[in-house]
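Enquirer: Those protein sequences? They're chains A and B, same order as listed.
Residue numbering for the first sequence follows numbering that gives the first Met the number 0, beginning at 0 and increasing consecutively.
Residue numbering for the second sequence follows numbering that gives the first Met the number 0, beginning at 0 and increasing consecutively.
It is worth saying that the hints were derived from the structure and are not from the lab.
No more than 25 Å apart at the CA atoms, straight line, and that leaves these computed lysine-lysine pairs for PhoX-like:
#1 B:K228 - A:K141
#2 B:K228 - A:K120
#3 A:K141 - A:K111
#4 B:K228 - B:K46
#5 A:K111 - B:K228
#6 B:K46 - A:K141
#7 B:K228 - A:K125
#8 A:K83 - A:K111
#9 A:K120 - A:K141
#10 A:K125 - A:K111
#11 A:K83 - A:K125
#12 A:K141 - A:K125
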Amino acid sequence: MNIGNHGGSCHHSCCLRVQNLSVQIGSDTILKDIDLHVHCGEMVALIGPNGAGKSTLLKTVLGQQEYSGIISFSVPGQRTRRPKIGYVPQSPAFDPGDPVTVMDLFACCMSKRPAFLGPSKAMRQKVLDCLDRVHGEDLIDKRVGTLSGGELQRVLLALALEPLPNVLILDEPLSGVDVEGMSALMDMLDEIRQRYDLSILMTTHDFAMLPKYADQVVLIDHTVIISGTPLHVLGSDAFYQVFHRKGGLL
Amino acid sequence: MMQLWYDLCALTGLELLQWNFMRNALLAVLIMTPLFGLISTMIVTGKMSFFSDALGHSAFTGIAIGCICGISAPLWVAVLFSIFFALLFSFVRSRSSHTADTLIGVFSSTAVALGIFIATLGGGSFTKYNTYLIGDILSVTPGEIGMLFLVLLAVVAFWIVFSNKMTLTAVHPQLASSRGVSTATIQTVFTTVIAVVVTLAISWVGLLILNSLLVLPAAASRNIARNLKQYHGFSVLFAVIAGLSGLVISYYVGSSAGASICLVLAALFVLTFCFRKAGT
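Just chain B, same shape as in the assembly (with noise of 0.2 Å):
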């Protein structure tokens, strides 16, 4: 499968495609842009940008955890930490007075300084977590692909199924309610989701910026979108044209592929900002 695709890279003929690890990191940004297009909808229109980011930093300490207990695959323990992470935030959320923002703030500190400190415990150096904060697209291997293409498989998936509930529990969860929408297990099962992906993705784009690409696309496509068709379209072509470029733009500058694609993301924001329609 990878052979083939390397074959169609090489037929382009591309300089920067020569080489393999630029031909696995095009294949996984084509895989994890639309991913990040899609989920980003959600995010913006569930105005759950700052829980994306507590997530993020949730998803660093379960790495400074897997690490520290001598795990081979640190991942999966930062995707088990960032799930339970995410299951106790809605948990505190549902029985307390004090609003989102604030129980973000208190989820997402503590999760950061509580990596910190397991990171740097016994005065261990933490230089071999920088992965984790910037990221690095160009040491996605084949077999990480092969993954995330099975989660770009299982979101859109889920999106097909769930998407008419999430929106209605969204932009109305009483409403959602009264038409037997069961908004809590919609909104727990989001949030998993959201999770899952974003601790998946740390590794390749970096917690600095991961974020940006989980809110970016669909604020871009916000400005200009008059209906959810829309909405959805612009949300995933703006991603994956920032992907593109942003991958090209890095090869060519020597910058990082994460904080470029962010960049492009951002100014196709201000150009959809300066043609948004009247009323948005």
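Looking at chain A on its own, in the form it has when it is part of the complex (with noise of 0.2 Å):
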């Protein structure tokens, strides 16, 4: 099933697309032909029951999992394989005790110059314009154990935009993050896809979002159960059986 009225083909300006998409675990199915595509500058939102495969589905599209069928990315006169892609992984997953500051992971990532040398005056100012993307200027001598859900999201988000990616992922960047937070966060995540015109893959359990930010939905479980705009998939029958309950009026 494909997401949009596309039909198969895409006639947008660039789109990251799966086809005919299969990985086999050992003698597990975990995916089954699952047909994605996500155009520029919209915001797709994975969702499903624990154990549906969305976290397969994300690694599958970071190459970091075997898969049979088709990932491609395409932009106008170029069509390359595998697309550049921002990666904001599930948190929480960084160590209280580890002395690694917000500088000390961007150095990692970004610089050449070993990190436990300390930052050039260069890179320090690098990073904190990274961070000022999503207003995070002031966490860049925490560690990265010791922020918050929403401050460990921005600080992963502003890391994922350097460089700028084709594709942003976000595995369930909700988790861990209140409800203020979430508010703030999916703003930002909205404000940024329209400034550098990105793409967004996410996965999420807070569907209460959805309606107010997701161009697509997309249900999976082993394989897409359906797909569609966020009111059109949370009102479905097949949401209802899958969740027990109807996620649109949440």
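Starting from two chains that each stand alone, build the complex the way the hints lay out.
Expert: Structure below.
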């Protein structure tokens, strides 16, 4: 099943396109015949019960999982197999005891100079500029293990935006973030995707946010069950059967 | 080169530096302790402290194999065996549902049992292996010091090139992969580095206390370090301070140098623990 109304061929300027994707781990079929199109500037939310294969699908797009099928990314006049992907991993995953500051984390990702020697002035300014994108300059000297859920998501988001990716992938960005922080984070994502014309693919369990922010919602349970606009998916019988509740009314 | 060092030691006029074996030991400590301080940071961040312990055990087995084969330099057999052991562990771990600590237990106990089995085969005496259990830094020769220095240079070079990727792999493997870091390769290369260092150091530090040198410097440093620069700095500093004071203590008290060094490190851990900053 494809997202949108383009029936298999993508006519938009660019998209991440997944066709007939299947993932087999040992004798288990984790994903089967997944079709997915993500257009430029579009926010697509992957939802599904625990163990449905959402994280596996993200891992596969990230190139960390073997698969059969096609994953392609196209922009006018250019077609590459692997898009430039920004990834915001599921948190929390940092050890509170690790003496690694936000500055150190950026330096490890972006710089050839060993982070243990301390950052150069230019590097520190560059990191401040990156953090400015998520209004997080004050977090630069905090240790990553001591950040709140919302702060950590902002830092990881800033990291994923450097270098500027074609597709931004977020794994459960709203888990561990309080209600106030959720709206702030989603507003920020909305602003970023408009400013940089990014495609965003994210998994979430917070369905209440979807009607306001997502362009498309894809419900998967090892394969695509239903996809479409948030209201269409959240109000569907398939959604009710999977989650035993009417998510659209949340 | 060594003569220059001996002359320098003689110039200090210190009583304990009038002996060549103490001069050798001091130089070896000055080379080995920064090495341990550096490696320690990544072992602790990567939660590999029991793994490095298991590598020590495998090194002992390698030495026993080398001895029984009648090879004149069993240390190099031990290095090869440790690398084989480290790679085999990584291979089994990636294909097993067991947790790392269970697998480390399996590998470690098998290695030490195999080592004792081989060492005592045919009613052989275990006594000649005691030096590998307790270690003797005072027995280090100038040739061995040269080799340690080369290892230190190699590890520092490795650190300069790979430490960013190693840190990223240790704190968040998925994030590292998404940024193009080959985490499996990084982990394999780092385990090989630990295997080589642990095995080479076993004769002078001893199997029983070697691992504390690989864990305590970084553990003490984490109590007070706020960032990676301080973490590495304190870890190396603590290792060197402990190395020097442990050697001096052992000379005047007549105890094992390795054990004295570890006890100083333990004291530094307690001290830093008491003065750890809020939130650490």
